[in-house]
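Trainee: Chain by chain, the residues:
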Amino acid sequence: MSMLGMLATTKLGEATSGGGFWMPESASTVAPEIDGVFYFINNINYFFFALCVAILIWFAIRYHAKPSEHATFTTDAPTHNTPLELTWTAIPLLLVGVIFWLGMDGFLELSEAPDDSYEVQVTAQKWSWTFQHPDFGVTEAAELTVPLGRPVRLIMTSSDVLHSLFVPAFRVKNDVVPGRYTSLWFEATKPGQYRLYCAEYCGKDHSKMLAVVNVLPEDEFQTRLGKLAREYEDIADQDLPEYAMVRLYNRCASCHSLDGKSGTGPSFKGLWDRTKSGSTVFTDGSTLKDYMGPGGEFEVPENYIRDSILNPRHYIVQNYAATMPTFKGQLKERQIDAMVLMLKNLDRLIDEQGNPIENPDLSGADVSTGAQK
Amino acid sequence: MTIDRPTLANDNYLTHTRGFLSWILTLDHKRIGIMYLVSVLTCFLLGGLFALLVRTQLLVPEGLIMDQDQYNQAFTLHGGIMVFLVIIPGIPAALGNFVLPIMLGAKDVAFPRLNLFSYWLWIVGAVFLVISIFAGLDTGWTFYTPYSIDDNSAMGGVIPAVTGAFLLGFASIFTGMNFIVTIHRLRPDGMTWFRMPLFLWSLYATAVIQVLATPVLGITLALLAVERAFGIGIFNPALGGDPVLFQHFFWFYSHPAVYIMILPAMGIISEVIAVHSHRHIFGYSFIAWSSIAIAIFSFLVWGHHMFTSGQSPLMNVVFSFITFSVAIPSAVKVFNWLATMYKGAISWNTTMLYGMGFIVLFLIGGLTGLYLGTIATDIYLHDTYFVVAHFHYTMMGSALIGFICGLHHWWPKMTGKMFNETAGRTAFVLFFIGYNLTFFTQFMLGSHGAPRRYATYPADAGFQTYQIISTIGSYLMAISFFMMAAYFLASCFGGRRAAANPWGGRSLEWQCSSPPPFDNFSEQPAVGDCYDFSVLRWDEATGGYVWREDVAHPGHDAEEVAHT
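Residue numbers (the working numbering), protein chains in the order written: chain D, 1 to 373; chain Y, 374 to 937.
A few of these clues could be false.
With a cut-off of at most 27 Å between alpha-carbon atoms, the simulated DSS-like pairs for lysine-lysine come out as follows [claimed, not checked]:
id, chain 1, residue 1, chain 2, residue 2
1, D, 66, Y, 790
2, D, 208, D, 328
3, D, 227, D, 332
4, Y, 716, D, 66
5, D, 328, D, 227
6, D, 208, D, 276
What the simulated footprint calls covered on chain D by chain Y, stretch by stretch (three residues with Cβ under 8 Å from a Cβ of chain Y suffice, anywhere in the stretch; the number is not a length) [to be verified]:
id, stretch
7, 159–165
8, 281–287
What the hints contain is simulated information worked out from the structure, not anything from laboratory work.
Glycine included, C-beta positions come from ideal geometry on N, C-alpha and C.
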């Protein structure tokens with residue numbers, strides 16, 4: 001075990017600073033208490049494990065009968081000893097009573113969010129997170145920005161199946177259930193970026209349902225959220241495609257690839273060409289072209305992209321399932337514009353392997369959406 | 374001359390009748406036990422292969438051999454097969470069927486036809502479960518809603534899988550009923566409840582749980598199938614149902630089911646530690662009562678699977694409190710096993726090594742349960758690898774190792790052949806090292822926050838070292854299991870003939886020949902204190918233990934039996 005431990009700590013020491021042999025780095029007000037309970041149980045366990053294994057090995061060696069001896073049966077050993085047995089029933093009873101109490105105490109603290117908590121609405125969907133800040137009118141994805149040293153309460157719901165929001169550094173976790181709200185709270189004690197996982201199995205890309213909690217000091221937090229609130233308004237038309245790629249695409253990434261590989265949904269690569277030409281085939285056998293003629297629903301092809309974002313289960317592309325959740329209410333008009341423009345200019349935004357290009361050249365790009373015409 | 378000279382009878386249950394039909398239509402509990410054993414071991418191979426796929430995938434953060442869907446199917450089938458087709462039937466249906474009636478000195482179980490029916494029902498259920506492999510079942514063995522009901526989520530195979538689990542549940546109920554009646558009605562004169570071998574106590578407690586809890590699983594899975602097939606809203610919030618209700622129903626069965634798996638293993642360990650220490654079991658009545666206590670408490674703790682599900686904090690506190698009560702009878706058993714070794718004459722044979730290995734692994738499994746019963750720490754550790762490690766220590770390290778230990782213990786009785794001890798001990802050492810490499814590292818993974826059921830994991834989170842060690846350990850275990858298969862098979866063909874009582878056991882199954890005759894006993898077995906080994910002595914001529922000439926054999930004096 002100790003050799004294993006040495007291997008383990010060296011590796012983790014590089015990855016997460018401040019972590020111990022058992023528990024990783026912590027960064028919330030409740031974490032020290034939970035770690036305290038963990039280590040308390042640890043000490044009891046070390047003691048009893050060592051005691052029992054020592055007795056086991058001692059007896060096994062002391063009373064070992066060699067095969068050639070063919071075990072002479074002892075009759076002088078006791079068959080029972082009621083006081084001894086009552087003792088070793090009572091001692092564990094007392095210990096687990098103490099452990100229960102500590103665990104309950106820690107849990108009650110976890111379950112009561114302070115009244116002045118900063119609230120964030122969390123929506124989980126296969127396989128991404130959406131974080132809405134009602135105070136700022138800001139929606140974030142893949143990153144949750146929270147203030148340092150202020151209790152934050154997450155009010156969570158799911159738009160499809162069970163998920164579970166888990167931030168190891170804060171020692172908090174709660175399931176996210178469709179059809180009801182659940183909540184958890186934490187108060188971050190160290191600025192920095194912390195991993196957020198989905199902990200409840202939710203299907204195909206469960207292991208990619210990751211996000212980051214970004215803890216900022218109060219003033220930086222205010223500045224950042226204020227900036228996010230105006231972001232899509234302040235941004236120049238010319239920069240909208242890149243904005244969508246950097247800020248919005250991560251909510252699409254688990255299903256729509258950029259390299260042409262089919263995922264849960266069709267790849268974004270070449271999607272605009274397929275849309276423009278109307279070659280997309282739907283599950284009922286009709287093609288996009290059928291809806292594109294004069295007076296058709298998608299006479300303006302950009303409307304097909306818009307409709308797919310807001311009403312995604314209306315037309316289902318052949319060979320794919322109706323799994324995409326709607327983004328109605330989660331995206332502002334200008335953000336939808338940005339998505340359309342991103343798809344129209346995708347070739348300028350990604351390289352041949354489908355990786356986003358930093359500072360792409362968008363000079364002369366078509367930055368008009370059909371909706372604006 | 375010896376009274377009970379063990380000779381390999383020419384006519385035993387294996388040779389009594391011949392032909393394929395004489396096996397598949399047999400009413401003999403021993404043959405049914407052997408058929409269960411072969412079926413369970415086949416499923417163990419299949420479930421083990423899925424485990425190796427899962428472990429191999431996790432060698433690298435981005436996943437080595439499978440895509441996300443394939444990985445999800447692999448861990449689902451690993452879990453489903455191991456739980457429903459290996460661990461639950463392993464001890465009661467395979468070993469229990471073989472040993473229970475003989476331990477009672479009976480000719481068969483109370484309802485031999487029901488026994489055969491339950492076996493074939495089990496086979497049909499197993500076929501359904503295996504069919505779901507090809508339908509792409511990816512819900513996890515827990516079938517959590519609404520994922521499992523939503524056509525757009527679960528890949529398929531849900532209905533065949535729940536049908537399979539439903540049928541397997543009924544096979545389990547029938548076996549349980551059969552055992553309860555057999556133990557009540559077929560105990561021989563002189564074998565009072567508190568003179569039964571402890572393995573029978575554990576099988577009895579198990580059977581009670583099987584009969585009471587399994588119907589709830591059946592009903593739950595039937596509701597799930599109806600909801601999925603006809604869109605009736607029970608668990609799906611989109612149809613007005615409640616997904617958390619499913620978890621209550623599911624764990625109301627599946628937590629007691631954990632004890633369906635572990636209790637019989639504890640019974641085997643109670644037998645093995647006593648027999649191979651050649652020493653009277655310590656604290657018989659505490660061990661027997663602890664089995665009953667565990668069976669009762671097991672029904673009251675299901676909510677500890679749901680501390681993070683959003684159930685009310687009050688329920689969390691109550692369930693946490695009751696959960697800790699299960700720790701006590703478990704601890705009592707461990708202390709009693711240790712005390713049984715005190716002043717014994719301990720054989721270091723393969724069976725005893727597995728027995729001692731069980732104690733170590735069960736200690737780790739049980740003690741780590743404390744972190745998970747404690748709400749504050751469970752909130753953090755729930756759905757991480759810590760939980761995976763914990764339940765593998767209890768389900769595999771304990772329940773399955775209990776099964777393997779029992780298989781070694783009764784192998785000479787079942788086959789009439791001795792396996793190679795050196796190979797057995799070598800395989801044990803390999804297993805024990807491999808096991809701890811595989812699963813101890815998963816405690817570390819979990820305590821550092823690695824969520825379970827991930828096909829890929831972040832490369833910079835520091836998880837990979839643990840994953841690699843864990844995978845290497847799993848390969849070592851696989852090698853040890855193949856070694857075990859090899860020496861067991863070799864013993865069938867070239868093994869030394871087993872004496873009636875090669876280890877020095879005192880319970881009744883050691884008083885008939887190895888393998889037992891068709892009707893189990895050719896002469897009346899000696900009922901009495903089944904842990905009083907002082908009436909036995911080693912007999913060099915037969916290579917086993919025999920009744921001492923200077924001690925009266927109660928079987929030859931029926932009146933004495935009636936009055937003890």
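Trainee: Of the numbered hints stated earlier in the document, which are not met by this structure?
Mentor: Structure breaks hints 6, 8.
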